[in-house]
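In the order they appear, the protein sequences are chains A and B.
Going by the working numbering, the first sequence opens with residue 1, and the numbers climb by one from there.
Going by the working numbering, the second sequence opens with residue 213, and the numbers climb by one from there.
For the record, the hints were derived by calculation from the structure and aren't laboratory data.
None of the values given here were measured: they were computed from a predicted structure.
Please note that the accuracy of each hint is not assured.
Unchecked claim - Here are some, though not all, of the chain A residues that point toward chain B, as calculated from beta-carbon distances under 10 Å:
(1) Gln14
(2) Arg64
(3) Ser66
(4) Pro68
(5) Tyr102
(6) Ser115
(7) Tyr118
(8) Ile153
(9) Ile156
To be verified - Here are the simulated lysine-lysine pairs, BS3-like style, with alpha carbons at most 30 Å apart:
(10) Lys353/B - Lys137/A
(11) Lys119/A - Lys211/A
(12) Lys13/A - Lys413/B
(13) Lys331/B - Lys137/A
Backbone N, C-alpha and C define an ideal beta-carbon position, used for all residues, glycine too.
Residue-level listing of the chains:
Number of protein chains: 2
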Amino acid sequence: MNFKTSDLEKMEKQTAVHLINSLGGFKSVALVGTSNVQGNTNLSIFSSFFHIGANPPLIGMIFRPSPPERDTMRNILDTGFYTINHINEQIYQQAHQTSARYNKEISEFDAAGLSAEYKNNFPAPFVLESNVQLGIKFKEKTAISINNTTMIIGEIVQIFIPEDCLSEDGFLDLEKANTVTCSGLDSYHKTMQLDRLSYAKPDKEITSLLKS
Amino acid sequence: MNFKTSDLEKMEKQTAVHLINSLGGFKSVALVGTSNVQGNTNLSIFSSFFHIGANPPLIGMIFRPSPPERDTMRNILDTGFYTINHINEQIYQQAHQTSARYNKEISEFDAAGLSAEYKNNFPAPFVLESNVQLGIKFKEKTAISINNTTMIIGEIVQIFIPEDCLSEDGFLDLEKANTVTCSGLDSYHKTMQLDRLSYAKPDKEITSLLKS
């Protein structure tokens with residue numbers, strides 16, 4: 001079945017939003033923890049993370065247009081730090097709840113029943129219930145003028161992971177860490193590993209890294 | 213277990229690359245099809261896609277630094293069009309093979325045993341074996357100076373999906389379409405849906421959209 005631009009334009013708006021949000025494939029979904037300059041915490045779910053580079057270790061994310069003010073972005077710019085916390089099967093419903101539009105006085109940590117965790121003198125709150133926690137230092141903000149969104153790039157400066165999920169070659173077993181993925185606006189999925197594949201070369205057959 | 217910036221700097225380089233590539237969570241992974249101005253096809257796997265907006269429908273991706281020349285980016289800039297093709301369980305090994313560094317004369321379609329499909333007068337080749345195929349029109353290129361990568365943003369102008377995967381509300385069931393996800397540099401995963409959750413509101417409990 002085929003849709004082109006003119007079909008999308010004729011589609012009911014929210015239907016098109018669901019469809020377009022599904023088309024990119026399964027997404028990285030995680031909770032971003034921040035605090036404002038007064039120390040009040042904020043927690044919000046995002047599904048627009050992407051790897052930018054390993055050296056230095058950089059991760060990007062997209063913010064929707066302002067106004068309305070985006071508290072998470074405001075806090076990142078004001079304090080320079082944020083956390084990215086993977087979502088697991090035990091907390092995905094609470095994580096989803098953080099997308100509700102709460103009043104500024106309410107912390108989404110409290111509203112969703114998740115716990116703020118401070119450690120290693122990192123200024124932003126981690127999510128205690130998350131198995132993979134990243135402390136991020138803000139690096140740059142880029143306006144995407146085509147639709148008034150904003151890209152924020154940060155450097156990974158703190159990593160907390162379960163020791164038994166780290167392979168000798170550096171691969172982190174996210175499935176063992178119970179990290180979930182999402183699709184569309186509201187669908188959550190756990191995963192089943194098919195394989196890890198060898199580095200591809202032109203004249204060599206790919207082999208499984210798991211059967212060695 | 214905890215790593216900080218100084219630990220990463222001391223880590224063996226390829227180990228750090230594996231780890232950092234794992235930290236973002238499960239990723240959108242797909243094959244990008246292009247052709248050069250002579251009509252020679254190119255196919256390459258990427259895992260750095262992200263949703264930028266639904267209206268207009270925009271999708272972003274990151275290219276690693278040049279040089280070496282990135283054929284896919286060159287073709288996108290020269291022709292203005294590309295395709296994004298979801299990877300399914302039947303073709304993930306072939307998809308992975310497209311990451312090998314082939315000579316310019318060789319099409320990765322042939323090398324990996326995948327078929328170029330032209331339709332609807334769209335100028336770039338789709339992957340016949342893919343169940344979800346997107347035709348993309350190049351919109352803008354942004355240099356990310358912090359590590360010399362490049363962000364390419366395109367508009368989704370053609371959508372090909374299996375009819376039985378589209379829900380009434382616009383949600384596309386990627387699991388039914390057999391789309392896979394990846395983690396790290398080389399791990400592929402299929403998914404098991406946990407739930408679809410209702411739109412979150414401050415004073416309302418989240419419900420499942422699947423149990424109605």
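Subject >> Those earlier numbered hints the structure runs against, lowest number first >> reply: 3, 4, 6, 7, 11 and 13
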